[in-house]
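Chemist: Sequence:
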Amino acid sequence: MKILIPPKKISIGIDSDIGCFWVEDNGPGVSLAAQKKIFEPFFSTRAEGTGLGLAIVHTIISAHGGTIECLSSPLGGARFQVNL
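Following the working numbering, the numbering of the sequence shown begins with 1 at its first residue and continues without gaps.
By construction, these hints were calculated from the structure, which means they are not laboratory data.
Think of the CB as a built atom: it goes at the ideal place given N, C-alpha and C, for glycine as much as any other residue.
There could be a bad hint or two in this list.
What the hints assert, rightly or not - Distance windows between CB atoms, simulated:
1) Asp17 to Thr50: 14 to 24 Å
2) Gly65 to Ile3: 43 to 53 Å
3) Ser11 to Ser62: 17 to 27 Å
4) Ile18 to Val57: 11 to 21 Å
5) Lys2 to Ala63: 47 to 57 Å
6) Ala63 to Lys36: 13 to 23 Å
7) Ile5 to Ser72: 16 to 26 Å
8) Asn83 to Pro6: 22 to 32 Å
9) Ile60 to Ile12: 35 to 45 Å
10) Ile60 to Ile3: 18 to 28 Å
11) Lys2 to Leu84: 19 to 29 Å
Modelling step: build the complete structure from the supplied sequences, incorporating the hints.
Modeler: Dropping the structure here:
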């Protein structure tokens, strides 16, 4: 029996016209329910996670007048987009 695992893909992009950049992948993605909570302190989908990493990122970006979004990626996974 041969198990085929699709290759992992990560894409990084920038749109200087609207002042944003993003990182996206073709992984399992983030559920819509998790997308709504993902930047809240102590929210984690992993048992070993603290839930602080993305909350800190959100705070720093907000302090600079920007926003960060977790979206579905055209590649099939998750897309994190920072708008400045």
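Chemist: Which numbered hints are broken by the structure, listed smallest first?
Modeler: As far as the earlier hints go, 1, 9, 10, 11 are violated by this structure, in ascending order.
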